[in-house]
Amino acid sequence: MSPTLASVLQVSALVAALALVHRPLGDHMARVYAGTKHSRAERWIYRAVGADPDAGMRWPAYLRTVLAFSLAGVLLLYALQRLQDRLPLSLGFAPLSPDQAFNTAASFTSNTNWQSYAGESAMSHLTQTGGLAVQNFVSAAVGMSVAVALIRGFARARTGELGNFWADLVRGTVRILLPVSAAAAVLLVAAGAVQNFSDVQSVTTVTGQTQHLTGGAVASQEAIKDLGTNGGGFYNANSSHPFENPDGSSNLLEVFLLLLIPFSLPRTFGTMVGSVRQGYAVVAAMAGIWFAGVVAVTLLEAAHPGTAAQLAGGAMEGKEQRFGESASSLFAVSTTMTSTGSVNSFHDSFSGLSGGVLLFGMMIGEIAPGGVGSGLYGMLVMAVVAVFLAGLMVGRTPEYLGKRLGPREMKLAACYLLVTPALVLSGTALAMGTGNGESAMTNTGPHGFSEVLYAYTSASNNNGSAFAGFGADTGFHNTALGLCMLLGRFLPMVFVLALAGSLARQRPAPASAGTLRTDKPLFTGVLVACVAVVAGLTFFPSLALGPLAEGLAA
Amino acid sequence: MTLQTRTPAPTPHTAGTDPVRHGPGPRVAGGLFDPRQLLRSVPDALRKLDPRAMVRSPVMFVVETGSVLTTVLAVTDPGDGFGWLIAGWLWLTVVFANLAEAVAEGRGKAQAATLRRAKTDTVARRRTAHGEERVPGTGLRVDDLVVCEAGDVIPGDGDVVEGVASVDESAITGESAPVIRESGGDRSAVTGGTKVLSDRIVVRITARPGKTFLDRMIALVEGAARHKTPNEIALNILLASLTVVFLLAVVTLQPFAVYAGAEQPLVVLTALLVCLIPTTIGALLSAIGIAGMDRLVQRNVLAVSGRAVEAAGDVNTLLLDKTGTITVGNRQAAEFRPVGTVDVPELADAAQLASLADETPEGRSVVALAQEEYRLRERRPGELTHAAWVPFTARTRMSGVDVAGRQIRKGAAGAVAAWVAEHGGGPDAEVAAEVAEVVDAISGSGGTPLVIAERTGEGVAARVLGVIHLKDIVKEGVRERFAELRRMGIRTVMITGDNAGTAAAIAAEAGVDDFLAEATPEDKLALIKREQAGSKLVAMTGDGTNDAPALAQADVGVAMNTGTAAAKEAGNMIDLDSDPTKLIEIVEIGKQLLLTRGALTTFSLANDVAKYFAIIPAMFAAAYPGLDDLNVMRLSSPESAILSAVVFNALVIVALVPLALRGVRYRPVSADRMLRRNLAVYGLGGLAAPFLGIKLIDLVVSLIPGTA
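Protein sequence lines, in the order shown, are assigned to chains P and F. Residues in the first sequence are numbered consecutively from 1, following this note's numbering. Residues in the second sequence are numbered consecutively from 1001, following this note's numbering.
Please note that the accuracy of each hint is not assured.
Simulated pairs of lysine-lysine, DSS-like, Cα-Cα distance not exceeding 27 Å [claimed, not checked]:
| hint | chain 1 | residue 1 | chain 2 | residue 2 |
| --- | --- | --- | --- | --- |
| 1 | F | K1529 | F | K1695 |
| 2 | P | K520 | F | K1536 |
| 3 | P | K411 | F | K1228 |
| 4 | F | K1211 | P | K411 |
| 5 | F | K1228 | F | K1211 |
| 6 | F | K1536 | F | K1471 |
| 7 | F | K1228 | F | K1475 |
| 8 | F | K1109 | F | K1211 |
| 9 | F | K1211 | F | K1195 |
Covered by chain P, according to a simulated footprint, are these stretches of chain F (three or more residues, beta-carbon under 8 Å) [claimed, not checked]:
| hint | segment |
| --- | --- |
| 10 | 1198 to 1209 |
| 11 | 1484 to 1494 |
Covered stretches of chain P (in silico footprint by chain F; criterion: 3 or more residues with CB under 8 Å from a CB of chain F, positions within the stretch not fixed) [stated by the list, open to error]:
| hint | segment |
| --- | --- |
| 12 | 102 to 115 |
| 13 | 415 to 422 |
Hints were generated in silico from the structure; no laboratory data involved. The beta-carbon is built from N, C-alpha and C at its ideal position, and this holds for glycine as well.
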C-alpha cells in the first residue's frame, strides 16, 4: 500500500467512525446533562461532598464552585507529589521539588498535562493513579461542565441559573467519561497496552544491557488521557512508547479517542438549543480547520526536504517506524488541535513549516475541535465574535440563537479572546527577555525560538505537548508555565460563565428572514475566517521569527 | 370651517433628488459628499487633537500617542528623514480621522444654524389678570397665557387654548404651506419660533425657555446630546480589545527580534502597531453614527437618540395606520344600496342631506356621488336654515341632521341599528336580514358600509333606508413595499378602526401580514406589549394624545409633527413631514447604520493581512533571508514598504469618508444574500485592496530620495 493511500484510508476510517458515533454520543451527553434523576452512586457522592445536585446555580455560584473544586485539586495533587515517599505504593521515588510539583499540579488540574517530569522514573503508583489519573477524569469533566453551562446560557430564557456544577461534574465523570474510557481501556489492552501494578522490573536486553521497566495502570490511564484530551502519558515517551501505543490499530484508536468527545459535543449543543443544524455549523468549522491541518502537515512531512530524509525515504527523525509519516502527522495535528498534548512522535522533529501548523493549531485557541468542553466553549465564543461582525453586515443588532450581543456580551467575549494571546506572548517575551528562554533551548536560531514559543503556546492553551528540545524543568519555566496553565484555563472560564449568565437572562428574539442564519455553510465559512484571521494577525510576527523563518530558509 | 391638514410629502426627499427646499435659508443637501467640506472642516479636525477628546476613541488615541512618540524620536534622532516621514503620516492619520468626524458634524451645524435663525428674540404678550403685558420670550414660564395675532412669532411651545389660526411652520419643517392650529383636539400644539399668519390665538406655554422643541432640535442636529449607542459601545469594546492584542503582539516582538539579531527601531514598531490596529473603522466610527442621524434629519425626521435609530434597524413588527399609509388618505363613496322598499334616489337624497355638513373626505365623497351618479342638485348647508347638524363622535359613531322634523342618521351598522331600535323601529326581520346581508357583502369586499336611517317625525318609527358603500383605495406600490419588508424579515400589522371583515379584505389587498381591527389606543398598546413579550421590537407612528402611551411603549415611536405635544413627547422620533410611510425609510436608515459599521470593520481587519506581508519581511528579511519570500508585493525597500503601509493606512480613511457619510447601500434582500454580498465586497475587497494600494504607493514612494 502506498503511503498516500494509507493516509487517505486512515483519515477516511477515522472520519467515518466519528461520523457514526458523534450522534448517539452527542445525544447521550445531551440527555445526561438534561436529566433530573440521580443514580445511587451519584447520590452517595453528592452526600459525601455535601452538595445539593438539584439546586440551580447562578453564574457566580457556578464559577465559585468550579474554582474551589479546581483549587482543591491543585492542593491535593501538590501534597501527593510532595509526600509521595511517605505514602503507600511509592516505588521508592523521592518527592518532587516544590516548583515541579506546582507545575504538575497546575498542569493536571488545568487539563493541560504538560509534563516537566518523566512519569516512569518520578511518580509513585499512588500519585499516578490516585492523583494524576483522577484529575484526568475530573479536569475533563470540569471542562465539559463549563461548556454545558454556556449551552444552557444559549438555551435558557429569563433565568439566571446555569444548572448545578456538582451534578454536571459527577454525571460527566460517571456517565460519560468512565464508561467510555473503560471500554477504550479494554480495547487498548486487547491491542497490547499494559495494565498492572507491578514493581519496576529489570530485564536484560538483546545487546546485554539492563533496562528498568516500570509497569502500571497504563491502558486505563491511556484511555482517559486521550478521551479527556489530557495528554499526560504514563511514560515520558508518551504515546510513542510501545506499552502505551503498541501498533497502528491502537494508534488509530487513540486518535479516535482524542477527537471523540470534542467532535460530539457540538451535537449535544445543537440538541440542547433545539436545532441540531446549529451544532453542525459549529462542528463543520471545527472539522474544516482540523482537516486542513491534517492535509497541510501530511503534505509538508511527505515533501521531506533534506538529504537525510531523502535517503531514509521519509522524514522519520523523531517518528516511530511502526507509525510512519502519515499516522504521525494525523496524531500530531489531532493532539495539538484537541488540547491533548499526548504525542506519538516528536513535534520538535517536524519540518519547520509543519511545526508552524502544529503551533498555529494551538494558537487558534484549541477550538478545532479543542479540548473536551473547552473546545466547544472556545468555538462558541469565537462564534459570538463572528456573529457580531457578520450580524452587523446584515443590518441588525447581532443575535446568536436569538440572544442579542450587546456591550456586555462583547466585553466578555473580548476578554476571553485576550487571555491566551496575552499569556502566550507575554510568557514567551518574558522568557526571551530574561534569557531563560535561550538557556532552555537545545537548538539555535529560529528553531530554538520555536521551542520557547511552543512551550508557552502549549501551556497557555492547555495543550501540554512540547518541542522536545525545550528544557522545561527549571524553576523559572516550571513557575511561569504553571501560571500560564492555570490562568489560561480558569480565566477564560470566568468570562465564559459570565457570558452564559448574561445570555441566560435574555429572552430570545424570534428569527426572521432578516436574521443572520447561523446554521448555514456561509456562517461556517465566516467563523473559520474569523478564527484564522484573529489568530493569524495576533501571531504572525512570532510565527515569522520561528517556524516561517526556519521553513522558508530552505 | 374647513380643517386643512398638510398633505404628506408625496415622495421622500432622497439624497440629491431634492436638495432645494423652501423656508428660511437653504437646508443641507442629501447624502452627496462635497470634497470642499473636507477643507472647511480642517480647523475643527485640528481642534479635536486634544488628547482629552481623543481618549474617547481608544484606537485613535493609540495612534495619536504613536504620533507623539515618533515625533519625539524624529527630533532626538533626525536620521535620514524616514522617522519624520513616518511621524508626519501618523499625524495625518489622526487628522484624517478627526476630519471625518468634523465633516459629519459640520452638516449638523449647518442645520442648527438654520434653526437658530428661527429662534430670534421675541416679545411675548402675556395675559395677566388686568389685561396684557409685554415680556421678553425668554421670561415666560410654564402655564403663562400669551396672545398671538397675525404676524406674531409664537414665543414658546404651548397648546392653543383659544381660537384658530393658520401658522407658518416652515422655520422647523421647511414646508411653506401653512397649517391650522386650533384649541382642543389633536391639533392644538404650537411650536415656538413659528409664525401666526392669520387670526388670533391664545397659547398656554408648556415648555420653559431653553427647553423648547426648537432648543431640543438644535441640540439634536448639532450632536451636542450625542451618546454612544449600545451597538457602538459593543463595537468599540471589540476594537479596543483588538488594539490591546496588537499592542501586545508588537510590544512582545522586540525580545523575539533581539534574539533573532534584528532589533527594531521604535519608529518601525510604532508604524507596525498603527498599521495593525483597526484604524479605518476606529477613525470612521463616530462619523458613521453622526451621519446616520444626519440622514434622518435630511428626511425631516428627528431622532431623540441614536439608540432609537439603531432600534429602528432591528424592528420586527411595523404597526402602520391604514389611512394615509396603506390606503390613499380616505375612503370614497362608491355605491348606494337601498333596502326594503326604498329606491336609490330616495337613499341618495337622504345620504346627501346627512352628509352636507360632514366635511370629512368621506362625507364629501357621499355628496359628490349623489350629485354625479344620481344627478341630485347640489345643496349647501346654508340652504337648510333650521337644520341641526349632529356631529360624529367616537362614542355615538354616528352623524346626521335634524331638519324640519326629519331626522337622518348615518353611521356604523351597529350604532345605527341601536338608534333605530331606540326610536321605535320595529324588529322588521326581513329588512334587518337584508341590511345585514348588504353590510356583510360590503365589508367582505373590503369596503366600509355606512348605514342610513331616518325618522320622518315624532312618534313615527325610525327605519333603515339603505347602505352607502365606502371604498378604500389601496395606495399604489404598497403591496411591493410590504413584500420587500417581508423579505427583510419585518412583519407589518395594519391598524384600523374598521371592523374585522373590512380590515381583512384591505389587509389581503395590500398584502400586510396582519391587522388590528376596530383598534382603540388600548388595543394598540396591548398589541405592542404582546409583540414585545415575544422579544420583538415594534415601530409605530402616531399623532394623537391617545397615541402617547403606545408611542412611549413602542421601541421606535415616530410622532407626527402635526400631532399633539403629548405625542411628540412620548415618541423617540418626530417626523416633521408627518408622513406615516416614512417609518419604512427609518427602518432602512437604521439597518444602513449597522451595515456600514460592520462593513468597515470587516474591511479594516481584512486590510491587516496585506500590511503584514509588507512590514514583516521589511523588518526581518535581513536577519532571516527566507522571509523575503513573504514580500509578495516585491516592495522596493524595507523603508519604502513600511512607509507605503503607513501611507495606505492613512489615505484609506480619507477614501472611505464618503462611504461612511453616505452609508453602505441597503437593499431589501434576505440576510443571507446581503451577507454574501457584503463579505465579497468588504471582506475579499478588504483583503485585496491594500495589496494593490500599497504596491502603488511603493512605486511612488521609491521615487523619493532617501527611501529607495
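A quick look at each hint next to the structure:
1. K1529(F) with K1695(F): Violated, because 57 Å separates the two Cα atoms, which is more than 27 Å.
2. K520(P) with K1536(F): This hinted pair holds, its Cα atoms lying about 23 Å apart.
3. K411(P) with K1228(F): Within the cut-off at roughly 15 Å; holds.
4. K1211(F) with K411(P): Distance of about 36 Å is beyond 27 Å: violated.
5. K1228(F) with K1211(F): Holds, at roughly 22 Å.
6. K1536(F) with K1471(F): 33 Å, violated
7. K1228(F) with K1475(F): Roughly 38 Å between the alpha carbons, so the hint for K1228(F) and K1475(F) is violated.
8. K1109(F) with K1211(F): 19 Å, holds
9. K1211(F) with K1195(F): 19 Å, holds
10. 1198 to 1209: violated (count 0)
11. 1484 to 1494: Coverage by chain P holds here, the residue count being 6 at a Cβ distance below 8 Å.
12. 102 to 115: Coverage by chain F is violated for the segment 102 to 115 of chain P (0 residues, Cβ < 8 Å).
13. 415 to 422: Holds: 5 residues of the segment 415 to 422 of chain P have a Cβ under 8 Å from chain F.
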